[in-house]
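Colleague: Okay, here's what each chain looks like letter by letter:
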Amino acid sequence: MALLEVRDLKMYYKTLRGHVKAVDSVSFDIERGKALGIAGESGCGKTSMAVTVLRLLPSNGKIHGGSVKLDGVDIVKLDDEEFRKSIRWKKISMVFQGAMNALNPVHRVGDQIVEAILAHEDVSHQEAVTRAEELLDMVGINPKRYKEYPHEFSGGMKQRVVIAMALACNPDVIIADEPTTALDVMVQSQVLKAMEDLRKRLDLSMILITHDLSVIAQTCDNIAIMYAGKIVEYGNVIDVFDHPTHPYGMGLVKSFPNIKAERTRVRSLPGFPPNLLAPPKGCRFHPRCPLAGDICMEEEPELIEIGSNSHKVACHKVDMLERGVDIWEQ
Amino acid sequence: MGAVSATEQERSVGHGEVILDVENLVKYFPLRRGIGQSLRREPERAVKAVDGVSFNVKKGELFGVVGESGCGKTTMGRTILRLLEPTAGRVTFEDIEVTALSVEQLKQLRTRMQIIFQDPYESMNPRLDVHRIIAEPLRIQGMVSNSKDAIPYIEKALEDVEMTPPEEYLYRYPHELSGGQRQRIAVARALVLNPEFIVADEPVSMLDVSIRGEILNLMLNLSRERGVTFLYITHDLATARHICDRIAVMYLGKMVEKGPTDSLVKHPLHPYTRALIGAVFVPDPKRKGFGKVLKGEVPSPVDPPSGCRLHPRCPIAQDICKEVEPELVSADDNHMVACHFALG
Amino acid sequence: MSKNKTQTGISAPTFWEQYRRKPLGMVGLSIVIVYVFVAIFAPFLTPYNPKQILLADRIAAPIWFRSVLPKYDDAPSTIRTTLGPDEWAVSEATGGRLVAEELEGAAVSVIEFEPVLKDEVIPEGEAALLEIEEYPKEPEKSVVELSYVVPYSYSPPKTFGLTFNYWVDASSDSKTELEFVIETPEGKQYNLWGKSYSGTLGSQPARIDSRDLTLKQRLGLTIFDDPAPRVFSSKGDYRLLLTARSIPGEEPTRVYISNAEFYIPGNVHGLLGADHMGADLWTQLIYGTRISLSIGLSAAAISVAVGTAVGIICGYLGGVVDEFMMRVVDVLMAIPTLPILIILGAILGKSVWNIVLLISAFAWMGTARLVRSQTLSLRERVFVESAKASGASDAYVMLVHILPNVLPLVFAGMVLRIPSAILTEASLSFLGLGDPRVATWGRMLHNARGFGAFTTLAWWWLVPPGLAITFLSLAFVFIGNTVNEILNPRYRERS
Chain Y
360 MALLEVRDLK MYYKTLRGHV KAVDSVSFDI ERGKALGIAG ESGCGKTSMA VTVLRLLPSN
420 GKIHGGSVKL DGVDIVKLDD EEFRKSIRWK KISMVFQGAM NALNPVHRVG DQIVEAILAH
480 EDVSHQEAVT RAEELLDMVG INPKRYKEYP HEFSGGMKQR VVIAMALACN PDVIIADEPT
540 TALDVMVQSQ VLKAMEDLRK RLDLSMILIT HDLSVIAQTC DNIAIMYAGK IVEYGNVIDV
600 FDHPTHPYGM GLVKSFPNIK AERTRVRSLP GFPPNLLAPP KGCRFHPRCP LAGDICMEEE
660 PELIEIGSNS HKVACHKVDM LERGVDIWEQ
Chain E
588 MGAVSATEQE RSVGHGEVIL DVENLVKYFP LRRGIGQSLR REPERAVKAV DGVSFNVKKG
648 ELFGVVGESG CGKTTMGRTI LRLLEPTAGR VTFEDIEVTA LSVEQLKQLR TRMQIIFQDP
708 YESMNPRLDV HRIIAEPLRI QGMVSNSKDA IPYIEKALED VEMTPPEEYL YRYPHELSGG
768 QRQRIAVARA LVLNPEFIVA DEPVSMLDVS IRGEILNLML NLSRERGVTF LYITHDLATA
828 RHICDRIAVM YLGKMVEKGP TDSLVKHPLH PYTRALIGAV FVPDPKRKGF GKVLKGEVPS
888 PVDPPSGCRL HPRCPIAQDI CKEVEPELVS ADDNHMVACH FALG
Chain H
19 MSKNKTQTGI SAPTFWEQYR RKPLGMVGLS IVIVYVFVAI FAPFLTPYNP KQILLADRIA
79 APIWFRSVLP KYDDAPSTIR TTLGPDEWAV SEATGGRLVA EELEGAAVSV IEFEPVLKDE
139 VIPEGEAALL EIEEYPKEPE KSVVELSYVV PYSYSPPKTF GLTFNYWVDA SSDSKTELEF
199 VIETPEGKQY NLWGKSYSGT LGSQPARIDS RDLTLKQRLG LTIFDDPAPR VFSSKGDYRL
259 LLTARSIPGE EPTRVYISNA EFYIPGNVHG LLGADHMGAD LWTQLIYGTR ISLSIGLSAA
319 AISVAVGTAV GIICGYLGGV VDEFMMRVVD VLMAIPTLPI LIILGAILGK SVWNIVLLIS
379 AFAWMGTARL VRSQTLSLRE RVFVESAKAS GASDAYVMLV HILPNVLPLV FAGMVLRIPS
439 AILTEASLSF LGLGDPRVAT WGRMLHNARG FGAFTTLAWW WLVPPGLAIT FLSLAFVFIG
499 NTVNEILNPR YRERS
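Chains as they are written, first to last, in our numbering: chain Y, 360 to 689; chain E, 588 to 931; chain H, 19 to 513.
Be a bit skeptical, because a hint or two may be false.
In silico DSSO-like cross-links for lysine-lysine, where the CA-CA straight-line distance does not exceed 30 angstroms [said to hold, decoys possible]:
1) E/Lys-879 / Y/Lys-559
2) Y/Lys-619 / E/Lys-646
3) Y/Lys-552 / E/Lys-875
4) Y/Lys-393 / Y/Lys-428
5) Y/Lys-373 / H/Lys-40
6) H/Lys-159 / H/Lys-206
7) Y/Lys-619 / E/Lys-873
8) E/Lys-743 / Y/Lys-559
9) E/Lys-875 / Y/Lys-450
10) E/Lys-875 / Y/Lys-393
11) E/Lys-743 / Y/Lys-619
12) H/Lys-40 / Y/Lys-421
13) E/Lys-882 / Y/Lys-619
14) Y/Lys-428 / Y/Lys-373
15) Y/Lys-393 / E/Lys-873
16) E/Lys-879 / Y/Lys-393
17) Y/Lys-552 / E/Lys-882
18) Y/Lys-559 / E/Lys-882
19) Y/Lys-552 / E/Lys-853
20) E/Lys-879 / Y/Lys-503
21) H/Lys-253 / H/Lys-234
22) Y/Lys-552 / E/Lys-879
23) E/Lys-875 / Y/Lys-559
24) Y/Lys-506 / E/Lys-882
25) Y/Lys-619 / E/Lys-879
26) E/Lys-853 / Y/Lys-619
27) Y/Lys-393 / E/Lys-882
28) E/Lys-875 / Y/Lys-619
29) Y/Lys-552 / E/Lys-873
30) Y/Lys-503 / E/Lys-909
31) E/Lys-882 / Y/Lys-503
Computed beta-carbon distance windows for the label pairs [stated by the list, open to error]:
32) E/Arg-619 / Y/Asn-419: 40 to 48 angstroms
33) Y/Asn-463 / E/Met-730: 21 to 29 angstroms
34) Y/Thr-374 / E/Val-731: 54 to 62 angstroms
35) H/Ala-327 / E/Arg-619: 22 to 30 angstroms
Just some of the chain Y residues that point at chain E, by a computed CB distance under 7 angstroms [as the list claims (entries may be wrong)]:
36) Asp-543
37) Val-544
38) Leu-557
39) Arg-560
40) Leu-611
FYI, nobody ran anything at the bench for these hints, they're computed from the structure. Note that the Cβ used here is the ideal one computed from N, Cα and C, for glycine as well.
Modelling step: build the complete structure from the supplied sequences, incorporating the hints.
Modeller: Structure (structure tokens):
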């Protein structure tokens, strides 16, 4: 059984002009020790999905159905107090986008980790300090720098501190939202390597949310591609990168520049994502899809398994695509 | 999109005349001394953002400048356009010495040299509509007297960036457009004066991956079909590699390597370039594995290391690297590198 | 999500759409609209003008007190009658008559006495004796008595008076006497005034006032007695009698009486009573709206304009200009405003414009600082650099890119500055440094303090201007906060 099973999760934001279906019937599994990458353009609902799993919703966001099973227990049904006490940070924790800039500049880095530990666990201050030093060591920072302030740390190190804080309570699942987006390539490489090592060592499951497909290719086992609040393609990274089958997934993968491959013209997907207040009827991708036919405008496609290895695609024209036609040939 | 195949991109470089020549460009930002420091007569310190950079760009070329944040690439772009006043050095555009121009002459030159900024959300005054955003350079330059006269120019610029029909966009506000559309408007604004040279400062880094191609291809088309010269400043070697004719790599205010794109990407000579290319992830799960990256972090540009600036992090550094600053020397045709050991 | 950081322009309809949802803002706006309406239509809302005095007794109470407070049950309201030739009735005329005459457009009552026929040669001898018998032994007094009936139905007044001008045109051998008497309903006569002259007399004013010492002496009263309650002690018809007696000369004697005005100042008057000069308080309050609004608006506009200009120039240009101006701001901010305003107000003289300029001169620094800090961040914005890259001059950038982006901030600040300007003006006027020629609320309070509203507990004099200031200030604060909330959500707490 998978460690985390998400089924038909729906989360809508209530706005003055109606519901924004930011997460609309999303399902996926994560095995223990595996990493799932969630890819998509800005506004596709990646971050909303993460905060829904952690139940850190803004006041206008509400779960409208579905289940999130952690070790077989549906944590959507837990009440808020219970969730806060036993799940958030303890079982599932999160590294927020830009969190490294949220470190308090007037407190010592180590003290901030200690505070995070004391907030969630019933341990003595001394134990917490010891644990904080261990965590710093774990993410590759010399524990002697415990007493330094955030401004004495570089961006990459601050990001590691944030990761260390997320690990403070020994969670089973860690959700990382764009953990390396603001970092330079070399630092990104260092941070991701540290995360990968940790994950292997602690047998952590990870959900990595990013728009950067190369990061997912590099660090994840599975990938889910989201478009307009829905998962449109899901599967093993090798399957998906080798044979992207959903028109959007294909466009995304093929438009990503690859420095090691032959030099080609950079591709792009014409158009832009729909407004989630009034998403298009049928398949949400149809206005941008070169294959769109009548059925795509009427019926919403199901996420169905193709081939083996649980590679799933939500597209009516999947037969055509399985033959490997490059529909974005420009 | 116009049809420009990958092979057409592979043009020989070294043809054509030099349009922009940068000689030993230096830009320091002095740090304010505290009163105590002033009294103790401590020497004035400065952020050495650009510290002696020389290169040239040929007409119609797409010249990429790649480097990590803080390497001085953005400052260099601004200084070339004299949006920042250079501390030293000379910039020559065709036969005009940009660094010696008066304010009035500079204003005239602005019609020939333009810039596209990184953040399409920030680079437009949110209180102006598309029509006024694009018309602004024309009005500043006195090329039109009222906004009505500007319409034909604006429509042409919008067509150039493939926003058709232009009427549909004229009276929209930036917040009503998508990121890609905004960046096209930014390009249109730069194009409306019909410049020969454009500094494109990270024009796609704020955009979603799926639409980066639109802007990059637009630049490529403008370069190939209209002969516009681009200085493409980016941290992203992968996109530079796809559109640039030549690439220069900067580290801590210095240019460490420059050369034709393929030569530089496939056979990097400088240890820094190698590490940079090694650190770039590939969207291909079969090529997993973290490349060797340099140890440590980029030092402060206030007190850059002596000698070769990379030496504290360099895997092949020797004593000479601490003492002697390497010059950019030719490795082969057009490919130059600043390293004591890259060639041996 | 990160897209929201760019603050977008807000169009007028959207602004109103948001504004009308805010109850406090709407309350504020309604109040201000009422004030503006009052200010514009002030002349139609009161029959008086603010410079008219002696409309009632000093510190008269509002007229509606009569129906509310038993103490004022039949307190007198003002009786003021102009007595011209048409008003006077001739109750006795011997050897003379009343003639109406028009002199310089004003109706003048002329009492004309026949001359004595002295030009006839007095016969001598027998004839003379005969003739003498036909003539009176003594020159006969001709009398003309003018009367006017004043119905009086109130409790006794505090004072009354009659004023007029008179002059006499007569030959030098004539004698003229004038006398003023009030006859009560009971028939008792009070002789209040009398004069006699020989021959021609130039124009003289007659000021008959119940508070005069001579009048009291004439009635045989001590200086502490008050004639008015004695004279008007009962309700009924009082007769005013102006009597002219003449021993005529060779020429006809003409007694001219012009601008006669009989006056019993009321203890109750108008909607809000009267001040120490008998001027109408309601009128002052209404006309005060004009002054307060225009001082508030113009001082706020001037100070904000100056502050914005200084802020933009300093913030954008920086350097020595900035350094210098900011030190000036520091110094001005460190000076306690009111004392310096008092001193400057005293030196520069009391006029509304001086006050506006003074208030503005000490109110622009806050705006300047706010605008400067906003400009510092705006000038680093990419769109400014983008304009410069197209060759824009500093002036262009400041006007086209910086100014419109600081205006929302400044606009809300301006609305919030209005009440403080109004209050400062009121303070200055209250301290007696206002323009004495115009009615302002501060001046009303100043007069109330200086002329006995506190000692007489005339709260109707104190409270209305106080409330007017409070409500107007409050209304502008409501509006300003609402505008701030809409235009500058980030600055809500700070302002």
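Colleague: Against this structure, judge whether each hint is valid.
Modeller: For each hint, the structure was consulted:
1. E/Lys-879 / Y/Lys-559: holds (20 angstroms)
2. Y/Lys-619 / E/Lys-646: holds (28 angstroms)
3. Y/Lys-552 / E/Lys-875: holds (11 angstroms)
4. Y/Lys-393 / Y/Lys-428: holds (16 angstroms)
5. Y/Lys-373 / H/Lys-40: Holds, at roughly 22 angstroms.
6. H/Lys-159 / H/Lys-206: holds (24 angstroms)
7. Y/Lys-619 / E/Lys-873: It holds: about 12 angstroms lies between the C-alpha atoms, which stays within 30 angstroms.
8. E/Lys-743 / Y/Lys-559: violated (56 angstroms)
9. E/Lys-875 / Y/Lys-450: Roughly 29 angstroms separates the two Cα atoms, so the pair holds.
10. E/Lys-875 / Y/Lys-393: Holds - the C-alpha atoms of Y/Lys-393 and E/Lys-875 are around 15 angstroms apart, at most 30 angstroms.
11. E/Lys-743 / Y/Lys-619: Violated, at roughly 38 angstroms.
12. H/Lys-40 / Y/Lys-421: Holds. H/Lys-40 to Y/Lys-421 sits at ~27 angstroms (cutoff 30 angstroms).
13. E/Lys-882 / Y/Lys-619: holds (23 angstroms)
14. Y/Lys-428 / Y/Lys-373: OK: Y/Lys-428 and Y/Lys-373 at ~25 angstroms, within 30 angstroms.
15. Y/Lys-393 / E/Lys-873: holds (17 angstroms)
16. E/Lys-879 / Y/Lys-393: It holds: about 24 angstroms lies between the C-alpha atoms, which stays within 30 angstroms.
17. Y/Lys-552 / E/Lys-882: holds (13 angstroms)
18. Y/Lys-559 / E/Lys-882: Roughly 23 angstroms between the alpha carbons, so the hint for Y/Lys-559 and E/Lys-882 holds.
19. Y/Lys-552 / E/Lys-853: holds (24 angstroms)
20. E/Lys-879 / Y/Lys-503: holds (26 angstroms)
21. H/Lys-253 / H/Lys-234: Roughly 22 angstroms between the alpha carbons, so the hint for H/Lys-253 and H/Lys-234 holds.
22. Y/Lys-552 / E/Lys-879: holds (11 angstroms)
23. E/Lys-875 / Y/Lys-559: holds (15 angstroms)
24. Y/Lys-506 / E/Lys-882: holds (23 angstroms)
25. Y/Lys-619 / E/Lys-879: holds (15 angstroms)
26. E/Lys-853 / Y/Lys-619: With a Cα-Cα distance of about 8 angstroms, the restraint between E/Lys-853 and Y/Lys-619 holds, given a limit of 30 angstroms.
27. Y/Lys-393 / E/Lys-882: Given pair Y/Lys-393, E/Lys-882 holds - Cα atoms ~28 angstroms apart, limit 30 angstroms.
28. E/Lys-875 / Y/Lys-619: holds (12 angstroms)
29. Y/Lys-552 / E/Lys-873: holds (17 angstroms)
30. Y/Lys-503 / E/Lys-909: The hint holds at about 29 angstroms.
31. E/Lys-882 / Y/Lys-503: holds (19 angstroms)
32. E/Arg-619 / Y/Asn-419: 40 to 48 angstroms: Holds, since E/Arg-619 and Y/Asn-419 (Cβ atoms, about 45 angstroms apart) stay within the stated range.
33. Y/Asn-463 / E/Met-730: 21 to 29 angstroms: Taking Cβ atoms as reference, Y/Asn-463 and E/Met-730 lie about 52 angstroms apart, which means the hint is violated.
34. Y/Thr-374 / E/Val-731: 54 to 62 angstroms: Violated: the Cβ-Cβ distance is about 41 angstroms, outside 54 to 62 angstroms.
35. H/Ala-327 / E/Arg-619: 22 to 30 angstroms: Roughly 27 angstroms apart at Cβ, these two residues keep to the hinted range, so it holds.
36. Asp-543: holds (4 angstroms)
37. Val-544: holds (4 angstroms)
38. Leu-557: The hint is violated - Y/Leu-557 has no Cβ within 7 angstroms of chain E, the shortest such distance being about 14 angstroms.
39. Arg-560: violated (16 angstroms)
40. Leu-611: holds (6 angstroms)
Consistency note: the structure conflicts with the earlier hints numbered 8, 11, 33, 34, 38 and 39.
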